[in-house]
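Visitor: In case you want the letters, here they are:
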Amino acid sequence: MSDFAQFTRAQMAQHCAADIPEGWYVNLGIGIPTAVADHVPLDREVIFHSENGVLGMGPAPAKDAIEPWLINAGKQYVTLRDGGSICHHADSFAMIRGGHLDLCVLGAFQVADNGDIANWATSENDTAPAVGGAMDLAAGAKRLWVIMDHTTKSGEAKLVSTCSYPLTAMACVKRVYTNLATLDVTERGFVVRAMAPGLTLENLQARTEAKLHLSA
Amino acid sequence: MSDFAQFTRAQMAQHCAADIPEGWYVNLGIGIPTAVADHVPLDREVIFHSENGVLGMGPAPAKDAIEPWLINAGKQYVTLRDGGSICHHADSFAMIRGGHLDLCVLGAFQVADNGDIANWATSENDTAPAVGGAMDLAAGAKRLWVIMDHTTKSGEAKLVSTCSYPLTAMACVKRVYTNLATLDVTERGFVVRAMAPGLTLENLQARTEAKLHLSA
Amino acid sequence: MIDKIVQTMADAMAGIEDGATVLLAGFGSVGQPNQLIDGLIEQGAKDLTVAANNAGSGHVGLARLIELGRVRKIVCSFPRSSDPVAFETAYRAGTIELEIVPQGTIAERIRAAGAGVPQFFTATGVGTKMAVGKEHREIDGRMYIREDALYGDVGLVEAWEADRWGNLTYKLAGRNFNPIVAMASKLTIVQTQHVRPLGDIHPDHVHTPGIFVNRVLHIPYGDPGSF
Amino acid sequence: MIDKIVQTMADAMAGIEDGATVLLAGFGSVGQPNQLIDGLIEQGAKDLTVAANNAGSGHVGLARLIELGRVRKIVCSFPRSSDPVAFETAYRAGTIELEIVPQGTIAERIRAAGAGVPQFFTATGVGTKMAVGKEHREIDGRMYIREDALYGDVGLVEAWEADRWGNLTYKLAGRNFNPIVAMASKLTIVQTQHVRPLGDIHPDHVHTPGIFVNRVLHIPYGDPGSF
Numbered sequence: 183m184s185d186f187a188q189f190t191r192a193q194m195a196q197h198c199a200a201d202i203p204e205g206w207y208v209n210l211g212i213g214i215p216t217a218v219a220d221h222v223p224l225d226r227e228v229i230f231h232s233e234n235g236v237l238g239m240g241p242a243p244a245k246d247a248i249e250p251w252l253i254n255a256g257k258q259y260v261t262l263r264d265g266g267s268i269c270h271h272a273d274s275f276a277m278i279r280g281g282h283l284d285l286c287v288l289g290a291f292q293v294a295d296n297g298d299i300a301n302w303a304t305s306e307n308d309t310a311p312a313v314g315g316a317m318d319l320a321a322g323a324k325r326l327w328v329i330m331d332h333t334t335k336s337g338e339a340k341l342v343s344t345c346s347y348p349l350t351a352m353a354c355v356k357r358v359y360t361n362l363a364t365l366d367v368t369e370r371g372f373v374v375r376a377m378a379p380g381l382t383l384e385n386l387q388a389r390t391e392a393k394l395h396l397s398a
Numbered sequence: 183m184s185d186f187a188q189f190t191r192a193q194m195a196q197h198c199a200a201d202i203p204e205g206w207y208v209n210l211g212i213g214i215p216t217a218v219a220d221h222v223p224l225d226r227e228v229i230f231h232s233e234n235g236v237l238g239m240g241p242a243p244a245k246d247a248i249e250p251w252l253i254n255a256g257k258q259y260v261t262l263r264d265g266g267s268i269c270h271h272a273d274s275f276a277m278i279r280g281g282h283l284d285l286c287v288l289g290a291f292q293v294a295d296n297g298d299i300a301n302w303a304t305s306e307n308d309t310a311p312a313v314g315g316a317m318d319l320a321a322g323a324k325r326l327w328v329i330m331d332h333t334t335k336s337g338e339a340k341l342v343s344t345c346s347y348p349l350t351a352m353a354c355v356k357r358v359y360t361n362l363a364t365l366d367v368t369e370r371g372f373v374v375r376a377m378a379p380g381l382t383l384e385n386l387q388a389r390t391e392a393k394l395h396l397s398a
Numbered sequence: 195m196i197d198k199i200v201q202t203m204a205d206a207m208a209g210i211e212d213g214a215t216v217l218l219a220g221f222g223s224v225g226q227p228n229q230l231i232d233g234l235i236e237q238g239a240k241d242l243t244v245a246a247n248n249a250g251s252g253h254v255g256l257a258r259l260i261e262l263g264r265v266r267k268i269v270c271s272f273p274r275s276s277d278p279v280a281f282e283t284a285y286r287a288g289t290i291e292l293e294i295v296p297q298g299t300i301a302e303r304i305r306a307a308g309a310g311v312p313q314f315f316t317a318t319g320v321g322t323k324m325a326v327g328k329e330h331r332e333i334d335g336r337m338y339i340r341e342d343a344l345y346g347d348v349g350l351v352e353a354w355e356a357d358r359w360g361n362l363t364y365k366l367a368g369r370n371f372n373p374i375v376a377m378a379s380k381l382t383i384v385q386t387q388h389v390r391p392l393g394d395i396h397p398d399h400v401h402t403p404g405i406f407v408n409r410v411l412h413i414p415y416g417d418p419g420s421f
Numbered sequence: 195m196i197d198k199i200v201q202t203m204a205d206a207m208a209g210i211e212d213g214a215t216v217l218l219a220g221f222g223s224v225g226q227p228n229q230l231i232d233g234l235i236e237q238g239a240k241d242l243t244v245a246a247n248n249a250g251s252g253h254v255g256l257a258r259l260i261e262l263g264r265v266r267k268i269v270c271s272f273p274r275s276s277d278p279v280a281f282e283t284a285y286r287a288g289t290i291e292l293e294i295v296p297q298g299t300i301a302e303r304i305r306a307a308g309a310g311v312p313q314f315f316t317a318t319g320v321g322t323k324m325a326v327g328k329e330h331r332e333i334d335g336r337m338y339i340r341e342d343a344l345y346g347d348v349g350l351v352e353a354w355e356a357d358r359w360g361n362l363t364y365k366l367a368g369r370n371f372n373p374i375v376a377m378a379s380k381l382t383i384v385q386t387q388h389v390r391p392l393g394d395i396h397p398d399h400v401h402t403p404g405i406f407v408n409r410v411l412h413i414p415y416g417d418p419g420s421f
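First to last, the sequence lines map onto chains C, V, P and Z. Following the numbering used here, the numbering of the first sequence begins with 183 at its first residue and continues without gaps. Following the numbering used here, the numbering of the second sequence begins with 183 at its first residue and continues without gaps. Following the numbering used here, the numbering of the third sequence begins with 195 at its first residue and continues without gaps. Following the numbering used here, the numbering of the fourth sequence begins with 195 at its first residue and continues without gaps.
Some hints could be false.
For lysine-lysine, the following DSS-like pairs were computed, each having C-alpha atoms within a straight-line distance of at most 25 Å [what the hints assert, rightly or not]: (1) P:380 to C:324; (2) V:245 to V:257; (3) Z:380 to Z:198; (4) C:335 to C:324; (5) P:323 to V:324; (6) Z:380 to P:328; (7) Z:380 to Z:267; (8) C:356 to C:393; (9) Z:380 to C:324; (10) Z:240 to Z:380; (11) Z:267 to Z:328; (12) P:380 to P:198; (13) Z:198 to V:324; (14) C:356 to P:380; (15) C:356 to C:324; (16) Z:380 to V:356; (17) Z:267 to Z:240; (18) P:323 to P:267; (19) P:198 to C:324; (20) V:324 to V:356; (21) V:324 to Z:240; (22) V:356 to V:393; (23) Z:380 to C:356; (24) V:393 to V:335; (25) P:267 to P:240; (26) C:335 to C:393; (27) P:267 to P:328; (28) Z:198 to Z:267; (29) P:267 to P:380; (30) P:323 to V:356; (31) P:380 to P:240.
If you are wondering where the hints come from, they were derived from the structure by calculation, not from laboratory data.
Bound conformation, chain C alone:
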């Protein structure tokens, strides 16, 4: 691993943020995805949505300026930009299920090269599974991007030909940002858009269970 520089978590979030155009309605999942918002400059207006009916979130509040009635789906305190609005849970998920979100960014355990995503349970018989809004977001948003480490801590591939963990949704991931590469999910499978500096396709493939392609 010493012959190349992995992308940091901040860089992964930056890569994703750079690809979000002004005017998109975007839901960011818990974890690294939430950090994407920090890398979208305020003058590029992107409208961030949270499942609990909050639309138009701004930067995190200063500690002495917390509004206790304003949290996101991760139960963190948030702010609203001018132009923000509130709706109830059914209307909020109507936005999601009705295909009104341009983008959802989630973390994942595994992504398959047909776009399947597994991000909510690590075994078929988790004692008390917890899904939250992930299935609605994955199935409902116009496009789903994933930010995750390229492999597990023990080195197992997370970009796979078939997910072994329980699915969150089928055939919906369009792009994956990892600490090693950015990849599109296409009809051919994973197509590499960018790699960490110094990394070769062979090295990347060695850390990827699914077959990788270069863009034509």
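We have chain C; now place chains V, P and Z onto it with these hints.
Guide: Here is chains V, P and Z on its own, set in the frame of chain C:
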């Protein structure tokens, strides 16, 4: 017809109004039903609903105090009482379909003694049928009462054993107020609650195709 | 900077295609996007399917669109509003198709389209002509029929206030079908009486969030007329 | 005079029966009817089915109700909120049944119950464990599963403002599940921070009209705590 005094339209509306307890949520159809509201004293709080998302209507406005943005489903100008509120059409019909209205009062062409109602079309092949919200109201309200003349102008019975006109909804009418009588729809069929002064049950039955019963 | 406010009717109407399904909000003349309907007449799209509560009155607006032969099919609950001469003439001549839908069912079908619900069951219409040919299902001892989402390619909406993100409020009975038409349409075009600076509309008071809105045209016409 | 405002917690909770299905609004501790949940604990009803987004935290509120063995079944999207020790203990012991439902599906199922829609189709969960055993249907080339309305015998709601007709407003993210829980429940019980004179809440700003509300209890507890 000279041996008894028919109920006037105002009396029919009064009879209905007298049976509405405080606190009910009530939708009044076009025609005589609309007049029911005039006979509910303001200090007996009954909350009137209109299909176009208006809840808590008060008396008709004075001509010089019309609010042009406030109409009912009959497209008449209305007022809102303190405590009134507005919602959109889907939420308004959620109130109806979801069984939240205590009462709907409609006019009708025919009512059958099993509670079927026909009030929207007078033949099976009306050129351009128009149903509005009648089917939603009849099927959705907790109880449906009908106000109508006892017979057609040409003397045909409107209280029948089977509706010959196209149905609005099945088995939902609970009470009928006519110019000759007030009747409950029960498991036995029509049960007479009140008759116009001087009218005999024989006379009433002669004007009614369905079998009439007296309350036990 | 997001700015959904357009300056001309031509910009508002750009891209509406022949054969489109157009959802028209409004109930009576209150909250009805009359100027946008005139804009659609001017724009020229034809072979339209129009869903609205009524089928037009007199010779203006939707009635005019029908008289011009631009409406292939109308989906509505009450085509017998005041003076529906244009619709009735076309209907008798067999040049327009009519799909009659109970008012609550049309509202729920539009809401379902906006909410990503392709089919649902309702008791409205069971045992009536409306149920003929429809899927029936008994659920917990009561009979229901299946109804399908009603999607709009284009939605025409009238708002009381709007901002540049497309957040809307409505005034009193002007709300009616407007919020659900905005939800259900791929291209939601709004005429608004008032344009507000971003942030002027309180977040708790927004009726239609801008996510459901594509274009806003400022048309301060005042109170609705009679109907 | 209609007056839905009750004076005591006992009056608010009167009549909740063993075996009832209770819908709990709230998301995190914001807009969560904490005092009403305490009232339910005090009231004593058992063998409850509880639907809520989470399954309780620590040893208070819903977690306490579970620890007391009063919850037969929980319907929720995310039983792994912070410190779900009470739920997990009961779940491992096999003394509580869990129905896990995607968050948007639980919201739409509650809304459907309020709107008189007994069944609907959604794409959420297709191809996952959630779809096992459910009715599938392909509609316009996409696969959907059927979901059923989730009715409440009792709904517990937290409002920001209420009047004696039961009209409610919510503050910011305090809205969440509250309006749909109010719609879907036969007996909707509200705790409100503020009681307003009738007419004080503008008709355009009412979030939950009183038709969906049965009882209101004034509990001015201030800001929500941490969660």
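Visitor: For each hint, tell me whether it holds in the structure or not.
Guide: Right, here's what the structure says about each hint:
1. P:380 to C:324: holds, 13 Å
2. V:245 to V:257: OK: residue 245 (chain V) and residue 257 (chain V) at ~15 Å, within 25 Å.
3. Z:380 to Z:198: Roughly 15 Å separates the two Cα atoms, so the pair holds.
4. C:335 to C:324: Not satisfied, since the Cα-Cα distance of roughly 31 Å exceeds 25 Å.
5. P:323 to V:324: holds, 23 Å
6. Z:380 to P:328: Cα-Cα ~30 Å, so violated.
7. Z:380 to Z:267: Roughly 19 Å separates the two Cα atoms, so the pair holds.
8. C:356 to C:393: holds, 16 Å
9. Z:380 to C:324: Given that 25 Å is the threshold and the Cα spacing comes to 37 Å, the pair is violated.
10. Z:240 to Z:380: holds, 18 Å
11. Z:267 to Z:328: holds, 20 Å
12. P:380 to P:198: The given pair, whose Cα atoms are some 15 Å apart, holds under the 25 Å limit.
13. Z:198 to V:324: Holds. Residue 198 (chain Z) to residue 324 (chain V) sits at ~20 Å (cutoff 25 Å).
14. C:356 to P:380: holds, 22 Å
15. C:356 to C:324: The given pair, whose Cα atoms are some 10 Å apart, holds under the 25 Å limit.
16. Z:380 to V:356: holds, 22 Å
17. Z:267 to Z:240: holds, 11 Å
18. P:323 to P:267: holds, 19 Å
19. P:198 to C:324: Between residue 198 (chain P) and residue 324 (chain C) the Cα gap is close to 20 Å, so the pair holds against 25 Å.
20. V:324 to V:356: holds, 10 Å
21. V:324 to Z:240: Violated, because 29 Å separates the two Cα atoms, which is more than 25 Å.
22. V:356 to V:393: holds, 16 Å
23. Z:380 to C:356: With Cα atoms ~44 Å apart, residue 380 (chain Z) and residue 356 (chain C) exceed 25 Å; violated.
24. V:393 to V:335: Within the cut-off at roughly 21 Å; holds.
25. P:267 to P:240: Measuring from Cα to Cα gives roughly 11 Å; hence the hint holds.
26. C:335 to C:393: holds, 21 Å
27. P:267 to P:328: holds, 20 Å
28. Z:198 to Z:267: violated, 30 Å
29. P:267 to P:380: holds, 19 Å
30. P:323 to V:356: Given pair residue 323 (chain P), residue 356 (chain V) holds - Cα atoms ~22 Å apart, limit 25 Å.
31. P:380 to P:240: Holds, at about 18 Å.
In terms of the numbered hints stated before, the structure departs from hints 4, 6, 9, 21, 23, 28, listed from lowest to highest.
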